[in-house]
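There are 2 protein chains.
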Amino acid sequence: MSYVPVIRHLYLEGRELAILDQRALPSEERIMRLKNAEQVYGAIKSLAVRGAPAIGIAAAYGIYVHLANKDLFTIDEALEAVDLLKSARPTAYNLFYTLARQEKIIRSGKSPGLILDMLFTEAKRIHDEDLEQSARMAGFGAELIRDGDGIISHCNAGGLATGGNGTSVALIYEAHRAGKRIKVYVDETRPLLQGSRLTAWELEKAGVPYEIITDSMAGTVMQSGKANIVLVGADRIALNGDFANKIGTYSLAVLAKYHGIPFYTVAPVSTFDPDTPDGKSIPIEQRDPIEVLEFAGIRTAPGGAKAYNPAFDVTPSELVSGIVCDRGLISCPYDENIKIVVDREQK
Amino acid sequence: MSYVPVIRHLYLEGRELAILDQRALPSEERIMRLKNAEQVYGAIKSLAVRGAPAIGIAAAYGIYVHLANKDLFTIDEALEAVDLLKSARPTAYNLFYTLARQEKIIRSGKSPGLILDMLFTEAKRIHDEDLEQSARMAGFGAELIRDGDGIISHCNAGGLATGGNGTSVALIYEAHRAGKRIKVYVDETRPLLQGSRLTAWELEKAGVPYEIITDSMAGTVMQSGKANIVLVGADRIALNGDFANKIGTYSLAVLAKYHGIPFYTVAPVSTFDPDTPDGKSIPIEQRDPIEVLEFAGIRTAPGGAKAYNPAFDVTPSELVSGIVCDRGLISCPYDENIKIVVDREQK
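In order, the protein sequence lines correspond to chains A and B.
Taking this note's numbering, I'd label the letters of the first sequence as residues 1 to 347.
Taking this note's numbering, I'd label the letters of the second sequence as residues 1 to 347.
Watch out, some of these pointers could steer you wrong.
Claimed, not checked - What follows is a set of in silico ranges between Cβ atoms, one per label pair, in the way DEER data are often shown:
| no. | chain 1 | residue 1 | chain 2 | residue 2 | range |
| --- | --- | --- | --- | --- | --- |
| 1 | A | E291 | B | P283 | 29 to 39 angstroms |
| 2 | A | D288 | B | P277 | 40 to 50 angstroms |
| 3 | A | I31 | B | P277 | 55 to 65 angstroms |
| 4 | B | G225 | A | S46 | 29 to 39 angstroms |
| 5 | B | S281 | A | K183 | 18 to 28 angstroms |
| 6 | B | P277 | A | D275 | 51 to 61 angstroms |
| 7 | A | E291 | B | S27 | 14 to 24 angstroms |
| 8 | B | E28 | A | R23 | 20 to 30 angstroms |
| 9 | B | R299 | A | E291 | 11 to 21 angstroms |
Unchecked claim - Facing chain A, a subset of chain B residues (Cβ under 7 angstroms, in silico):
| no. | residue |
| --- | --- |
| 10 | S196 |
| 11 | E211 |
| 12 | I212 |
| 13 | T220 |
| 14 | I247 |
| 15 | S251 |
| 16 | V254 |
| 17 | V292 |
| 18 | F295 |
| 19 | I298 |
| 20 | A305 |
| 21 | A307 |
Stated by the list, open to error - Here are the simulated lysine-lysine pairs, DSSO-like style, with alpha carbons at most 27 angstroms apart:
| no. | chain 1 | residue 1 | chain 2 | residue 2 |
| --- | --- | --- | --- | --- |
| 22 | B | K205 | A | K306 |
| 23 | B | K257 | A | K280 |
| 24 | A | K226 | B | K306 |
| 25 | A | K280 | B | K226 |
| 26 | B | K306 | A | K205 |
| 27 | A | K45 | A | K86 |
| 28 | A | K339 | A | K280 |
| 29 | A | K257 | B | K226 |
| 30 | B | K306 | A | K183 |
| 31 | A | K183 | B | K280 |
| 32 | B | K280 | A | K257 |
| 33 | A | K180 | B | K306 |
The hints are simulated quantities; they were obtained by calculation from the structure and are not laboratory data.
Note that the coordinates shown come from a computational prediction; the quantities given were computed from them, not determined experimentally.
Glycine included, every Cβ here is placed at the ideal spot set by N, Cα and C.
Model the full structure from these sequences, guided by the hints.
Shown next as structure tokens:
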């Protein structure tokens with residue numbers, strides 16, 4: 001199962017959380033060392049670490065390092081740190097999922113020393129589960145990719161977005177390893193270019209053939225027959241199969257439907273939110289318009305210009321060919337099939 | 001009819017063609033003065049002047065200034081300059097249309113002195129026709145915009161793309177002047193950001209409410225009901241109504257169809273190519289991948305990365321609600337109705 005080029009970008013070094021600063025990629029591989037919840041909050045909010053599974057893991061480690069670097073801590077202090085980290089970003093469910101697991105430990109009534117040990121163990125377990133989930137998703141999903149396929153990817157759903165192996169990109173790695181001749185059309189993913197900066201960087205390292213396209217080229221790439229499958233990640237999946245993912249995902253889903261091209265989202269169970277009945281209920285993070293109006297400090301719009309900058313959009317389940325999760329391929333009827341997965345998870 | 005804020009960006013000053021360098025906008029309003037066909041070729045190829053009608057006008061002036069700055073010229077030299085300018089960009093038909101008009105004069109058998117006078121007069125006429133055509137398109141098309149509409153625009157089809165008044169943006173100016181409360185969602189238009197750099201600059205000057213979006217946001221803007229009409233320009237329209245326009249136009253057309261939103265293209269008759277039967281026959285310019293891989297000299301992708309960079313895509317006529325031209329609104333059946341317009345033009 002260890003088929004993919006694991007990207008070690010998120011790991012503990014003693015009582016510090018080391019992360020590869022994704023804002024500096026691809027030009028620089030810079031490691032940040034985080035010692036407390038405020039620093040982890042800042043790293044998540046500023047997208048130094050991003051990707052739904054990765055921010056869940058970073059938050060779980062974040063609680064541990066925050067408390068491990070104190071001589072003493074109270075339960076209230078620990079819960080405050082949990083609340084701070086929960087507020088870093090609103091859309092990805094994995095953040096709330098992993099923090100709920102850590103919060104349960106904090107509220108267990110155990111001694112601070114034991115709680116600290118348990119938080120460490122749980123964070124490690126969350127990270128290990130993520131690696132295992134990537135392998136399982138790749139195992140279930142790589143069959144969807146055929147020899148000769150052109151694959152459209154969006155944003156970064158690779159090793160950098162997870163504990164190291166990826167969600168939708170894990171399927172691509174596995175198909176490539178299996179010898180399938182594939183080509184990935186990497187949506188650059190405006191405004192922050194996670195596709196050209198991060199996914200291309202990963203595919204380049206892994207030797208997978210790819211070409212970067214602007215987001216606006218996906219239509220013509222499908223029209224010409226160059227691409228015949230779309231694979232994306234997810235930040236939160238509702239019980240009816242609607243899901244939030246990086247802005248632009250919804251347009252890809254509509255384009256895929258129009259061209260009769262399969263469109264799959266790939267995400268571990270930690271992305272399914274049992275409290276979100278449908279896409280309308282998912283909170284969408286609005287980010288600073290400056291991300292659209294400037295590039296690297298250079299203004300690209302007139303002085304008075306305003307911009308709209310939702311970080312995510314919601315794709316309704318009727319546009320989704322299937323959801324690849326670590327329990328298998330979920331297909332219609334989504335409400336029934338997701339319930340089975342979520343109920344099993346909650347046991 | 002003079003309802004719009006004419007942008008004076010393309011004009012003769014003696015024997016020089018003055019153009020506002022669109023590459024420097026919005027940060028700088030820099031005038032270039034061009035004296036020969038090589039300089040005009042360079043300005044068109046490098047997008048210092050761009051937009052299908054504008055490059056047609058620039059080329060018509062370009063032949064004039066090229067010959068006017070010589071003491072003597074031969075017919076062969078004049079035809080060489082025509083050929084050079086024709087080779088500047090392959091997709092927009094207006095370039096070939098206006099150069100064919102100038103070439104006819106060069107081949108008229110008149111004396112060089114008379115030819116020069118006639119080239120001057122014809123270039124001025126082409127420019128005047130363009131201003132008149134903008135006004136007529138605005139008159140025919142502004143009715144398509146209703147009070148309260150949210151309009152998606154793509155690339156720049158404003159004054160800068162024409163002799164000064166615009167194609168699809170001329171409709172927006174007219175609707176705004178008529179007091180309709182509208183809002184324009186300006187697709188930034190990667191890779192060269194003609195939307196955020198140029199269209200936003202024009203709308204800002206004209207006081208039309210707008211908001212810049214990344215190209216990938218058009219889907220969510222339609223899904224939420226914020227936008228209910230799409231207006232774009234065209235670089236070449238085939239006899240069956242298929243048309244080429246800035247990359248990303250095709251995706252917008254598919255999205256509009258899916259959401260049941262009207263999608264119009266706006267272009268003068270000089271954009272209709274009587275020798276192009278359908279979209280498959282339109283040559284699509286491939287530009288340097290560096291436009292996708294760098295911004296302002298800063299690399300945004302890994303060193304070895306490749307990019308795909310078609311400057312245009314083709315939208316099939318079945319996705320088009322109508323074509324607004326200076327003869328009126330053309331609707332289905334496109335082949336019959338376009339033939340009437342083109343036949344009349346060729347008389």
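Tested hints:
1. A/E291 - B/P283: 29 to 39 angstroms: holds, 36 angstroms
2. A/D288 - B/P277: 40 to 50 angstroms: Holds - the Cβ-Cβ distance for A/D288 and B/P277, about 48 angstroms, lies within 40 to 50 angstroms.
3. A/I31 - B/P277: 55 to 65 angstroms: Check passed, 59 angstroms falls within 55 to 65 angstroms.
4. B/G225 - A/S46: 29 to 39 angstroms: holds, 32 angstroms
5. B/S281 - A/K183: 18 to 28 angstroms: Distance hint for B/S281, A/K183 holds at roughly 27 angstroms.
6. B/P277 - A/D275: 51 to 61 angstroms: holds, 56 angstroms
7. A/E291 - B/S27: 14 to 24 angstroms: holds, 18 angstroms
8. B/E28 - A/R23: 20 to 30 angstroms: Roughly 29 angstroms apart at Cβ, these two residues keep to the hinted range, so it holds.
9. B/R299 - A/E291: 11 to 21 angstroms: holds, 19 angstroms
10. S196: holds, 4 angstroms
11. E211: Given a least distance of 5 angstroms, the restraint on B/E211 holds.
12. I212: With Cβ-Cβ at 4 angstroms, under 7 angstroms, it holds.
13. T220: Holds, because the Cβ-Cβ distance from B/T220 to chain A comes to roughly 4 angstroms (cut-off 7 angstroms).
14. I247: B/I247 check passes; min Cβ-Cβ to chain A is 6 angstroms, inside 7 angstroms.
15. S251: holds, 3 angstroms
16. V254: holds, 5 angstroms
17. V292: holds, 6 angstroms
18. F295: Since chain A brings a Cβ to about 5 angstroms from B/F295, closer than 7 angstroms, the hint holds.
19. I298: holds, 5 angstroms
20. A305: holds, 5 angstroms
21. A307: Hint holds; B/A307 Cβ to chain A Cβ min 4 angstroms, cut 7 angstroms.
22. B/K205 - A/K306: Holds - the C-alpha atoms of A/K306 and B/K205 are around 14 angstroms apart, at most 27 angstroms.
23. B/K257 - A/K280: holds, 22 angstroms
24. A/K226 - B/K306: holds, 15 angstroms
25. A/K280 - B/K226: holds, 16 angstroms
26. B/K306 - A/K205: With Cα atoms ~14 angstroms apart, B/K306 and A/K205 stay inside 27 angstroms; holds.
27. A/K45 - A/K86: holds, 11 angstroms
28. A/K339 - A/K280: With Cα atoms ~18 angstroms apart, A/K339 and A/K280 stay inside 27 angstroms; holds.
29. A/K257 - B/K226: holds, 22 angstroms
30. B/K306 - A/K183: Holds - the C-alpha atoms of A/K183 and B/K306 are around 12 angstroms apart, at most 27 angstroms.
31. A/K183 - B/K280: With a Cα-Cα distance of about 24 angstroms, the restraint between A/K183 and B/K280 holds, given a limit of 27 angstroms.
32. B/K280 - A/K257: Measuring from Cα to Cα gives roughly 22 angstroms; hence the hint holds.
33. A/K180 - B/K306: It holds: about 20 angstroms lies between the C-alpha atoms, which stays within 27 angstroms.
This entry satisfies every hint, going by the numbered hints stated previously.
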